[in-house]
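A.B. asks: Chains as they are written, first to last, in this note's numbering: chain D, 1 to 632; chain H, 633 to 1192.
No lab work stands behind these hints: they were computed from the structure. A portion of the hints provided could be inaccurate.
[What the hints assert, rightly or not] 20 Å max Cα-Cα, derived PhoX-like pairs, lysine-lysine: (1) D:K75 / D:K169; (2) D:K169 / D:K211; (3) H:K1061 / D:K343; (4) H:K1138 / H:K979; (5) D:K339 / H:K654; (6) H:K750 / H:K658; (7) H:K750 / H:K654; (8) H:K1130 / H:K1061; (9) H:K654 / D:K343; (10) H:K1138 / H:K658; (11) H:K750 / H:K821; (12) H:K658 / D:K343.
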Amino acid sequence: MSAIKMISNVSARRYRSNFATRLLLSVVTVFICATFSYSQPAPDKAALIRSAHIDQHLNQQVPLNLVFRDEQGHKVHLQDYFNGKPVILSLVYYQCPMLCTVVLNAMTESMSDLRFDIGKEFNVITVSFDPNEGPALAADKKELYVRRYGRAGAASGWHFLTGEESQIKQLAEAVGFNYAYDPSTGQYAHASGIMVLTPDGRLARYFYGIKYPPSDLRLGLVEASAGKIGSPVDQILLLCYHYDAATGKYTPIAIGFMRLGGAITLVGLVGFIVVMWRHDVKKKALTHSIVPLFLIPQLIPETASTEAHKVDIFFYLMVLVCGFVAVGVITLIIIFAVKYRRKSEDQLAIAAPQSMPLEITWIVIPLFIFIGMFVWGTDLYFSLARPPQNAIEVYVVGKQWMWKFQHPEGQREINQLHVPLGRPIKLTMASQDVIHDLYVPAFRIHTDVVPGRYTTTWFQATKPGTYHLFCSQYCGTLHSGMIGEVIVMQPDDYLRWLNQGGEGSLASQGQKLFRQLGCNACHTGDAEARCPSLIGLYGRTVYLQSGNTIIADDDYIRESIMDPQAKIVAGFQPIMPTFRDQLDQEQVLELISYIRSLGAQRQEVPPVSAPTGPQPAPVQGAIQQSESKGGK
Amino acid sequence: MSSEVIADAKPPEVTVNYLNEKYGLKSWLLTTDHKRIGVLYMISITLMFFIGGFFAVLMRLELLTPQGDLVTAQTYNKLFTMHGVIMVWFFLIPSIPAVLGNFVLPLMIGAQDVAFPKLNLLSWYIYVVGSLFTFYVVVSGGVDTGWTFYTPFSTAGSNTHVIATTCGIFIIGFSTIISGMNFIVTVHKMRAPGLTWFRLPLFVWSLYATSVIMVLATPVLAVTLLLLAVERTFHVGIFDPALGGDPLLFQHFFWFYSHPAVYIMILPGMGVVSELIPTFARRKVFGYNFVAFATFGIAFVGFLVWGHHMFVAGESLYAAMTFSFLSYLVAIPSAIKVFNWTATLYKGSISYDTPMLYALGFIGLFTIGGLTGLFLAALGLDVHVHDTYFVIAHFHYIMVGGMVMAYFGGIHYWWPKISGRMYPEGWAKLAALIVFLGFNLTFFPQFILGYLGMPRRYYAYAPEFQVLNVMSSAGASILGVGYLLPLIYLLWSAKYGKKAEANPWKATGLEWQTSSPPPKENFAVTPIVTEPPYNYPTLENPLKESEQPGKQSLEEVPVG
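Assemble the whole structure, with the sequences as input and the hints as a guide.
C.D. replies: Laid out in structure tokens, this is it:
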């Protein structure tokens, strides 16, 4: 048992000695400053000025039984003003020509900016260290400053005291405030600074100089009150800001550490990118290399679209933040596990105090970080999901296990997609059978291709080359064989490629199909026809039998072909048969392309180079004819 | 201190305990003793774990080379499907609740048994029947849908044993529901006098929360699988658009169960770690209330985040936004736990016994798993890494780095109680280290693979992914060794190990106040609890424990 007591004694002593060192350091600092700055004047003057400084007596008790006089000349004890609140103490003299006024002004200014009220959350005591000054002077000063402070109730919380020399001396000594009378000028030499005392009269904080930042003062008061005043935000701030006894300021140690950590991670990251870049360069000259470079894996993916860069920036930032947290937690675990390892079988732990502020801190801080991640991620997602208006539209059909692409100009490809550089490409995708997923890692695009509906995605390539195209939704036996490539070409090359033939534009193929299937028999375009006109349908609002409305988009048109009874246009009979078994997904897309070409509400997109390229779809043949007939 | 009194008073050799009270196969197969049922579960899930692990080994072997050359594509698809099905439903979900929960829950709350001992046995038999279906599937040729059974592939595309597999899962679901119900009633009704809710060990809290999820979520899975079977067998259009169904409906149903199921898997692991840390740091858990409430926060919000599995599946932008936000919210309670565990270590008296090594490993790996979850919850990033190896790495960090580490930690921690013997400490530490290193080597490269864009479920892949895949496969072989070692030395120690004291860790839980192994009825005299949990003596208050009158009454428990 005694062994345990000894351990606790030892640790307590170590704690105290640690504190003593800090105090000593701060005193020495003050002393040295004083020595260096004032070594020139005459010896007695120098001694005088040297004596005007503040020694920090942090955490020491101030004798509260000292007797002073208040503004009315009543005898008061210091303890009268320590009613469970922290106290700001300043030592001045009221006839001081310069510095004391500056101190009082600065205090008033700071306290006016505080959200704490004098007399409510804390008290202020100003004591004159000139024993010749009396209550009348004190009352004058009080009137002046309370008016300047301007908040109700201040008069009962800010006290201007005067007193006898012995009492003043005791107080000044207790707080480490040194001053000296200079008979040659009739003035006092003294330092400027204020102190924050705890509700039981111990010295908590010193603030030096003639400016006391309100934020520092607030933290000082919160700490002095041991958390009795202030909000959880203060507690969080106190985790990040630490009172530095040497300067009398709150310095952001945590932020310093975080900056340091951030800088290290950043350096690491940059180093890593440089290494990868060198690796890339070296790869091309593999023959000269001694190191078997093929053993060094690629660590960052190809980046070849406008959005890919944005995704990467976000990703690296996430790596930075999360890496910092992970490293932090793991480092803490290791430090604790080593530092507090059990050295003897019966070693006991030190009791765990439960800390509400700490718990709130590690709930609130992550919450804010998470909200930041959420907002950024969502913003990125929206820009990934919404294609620009001027995008070239390519239709994609996924089926077990191949990718089919249809360009608006009529070109078809399997497992290869040729696109021009620098133009946004919108992919509208359908599945013939099960769910697939079109994934191009270099563009950071990734969208499921779901049977029974159209999904879309878009990209704008920034670098010519050939990029992987994967199916990334498991779709059966040869899922891993459902791969292809996206070939990004210079616009000129792309035009040349487009001109290599084809079967006419997608819309004209759709028109052919429209006639073959006999669609034009009913969809004549006539006002009296049995079926609604398709002219100008695309993108228009359609009024349905059910009373609802719908925008005529790809999905609506596809559904109307495959399952015509699902949505009947107002004023028409449900007479159209389904074409589900007669059409595959590609043919449906051709028909949609044709219907689109019959006049769309949206502005049509010119092909890559309008004058020379194949024209998209000036085909309105069948319907135009019947229209003119109807017009007769 | 009280435990030493027990150990001195009654030498363990002469005691009759739950293991030697009766012998013979019948006494095990017809037992209603929660401890024996726990052991039965342990044997069966160990078998399943190694079968599932074997499939994983074959997969990693296949992935050594970019060309698919070891097995065919179809076989590979069956391997990852069976690996997923077995590991999720036949190992991870029952592991901690059914083995450790069954064994220690009644001991921890000072009860003689669970509330419904016969139902408890029934749940094991149901588990066995479900497993038989799975064996049948494995033997008769496997299933290739992936453990997620996405429609319409599973209803119209696959021609493997989908129905048999879903039957097995459907059946085992009842085992889960019964266990969950049993635990809920046990915690409500069977606590020892004085054991108020806020005196419960955190493991009990987490088992309770897990049980609530089991009871609420598992029926949804049952219904979903039933609908799947109906569509596959009778061609009723539910999910297949060709029949007029909606394939996304299946994903909504499936993840409405399967996301909470993730918490069924991890919450008990967190509970175990919340036991291990205070025991081996000899210190009360920091922020007990916060950890307890965080458990319920996870259980509740966990029901509202299923849509984050479908960010690229074509759900609406605003739905995706909502699910992303909720996914961030569910990360908060997990963060609270990690911080509180870490704070518990501060100024503790930390020993490096094997269970503690697993617990520390758990915190580190779970932290990485959790933080990478933030990447996946971020919509714009998920688009790139969805369905890639990044996701694989993320959930293996949670499931294997988290849950399996916790399970192994728990097995080692309660092994003296279960078997009455100590495991060989040196071997156990070595195995823990091998598991930790092997695990990281296996799964860390997969994060990079995922960001590079390697999709999951690929049996052949682009050649630039090979180096990282080889690293991962190498790690898997180390991990395999790490898992085989405990199997060997734990079996060895059950017979030859040093006899265990009643309380070898000097822990505070009630389960340590009875002998090792405990008698059939657990406690001859019902213990009375008079103090909060984890009330370890501290430097400031070294006498705390023995001063408690409640502990005095415990010392009177006749052991045997």
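A.B. asks: All hints are to be evaluated individually against the structure, with a verdict given for each.
C.D. replies: To see whether the hints hold, each was checked on the structure:
no., hint, verdict
1, D:K75 / D:K169, "17 Å, holds"
2, D:K169 / D:K211, "26 Å, violated"
3, H:K1061 / D:K343, "19 Å, holds"
4, H:K1138 / H:K979, "18 Å, holds"
5, D:K339 / H:K654, "48 Å, violated"
6, H:K750 / H:K658, "15 Å, holds"
7, H:K750 / H:K654, "18 Å, holds"
8, H:K1130 / H:K1061, "17 Å, holds"
9, H:K654 / D:K343, "43 Å, violated"
10, H:K1138 / H:K658, "36 Å, violated"
11, H:K750 / H:K821, "17 Å, holds"
12, H:K658 / D:K343, "48 Å, violated"
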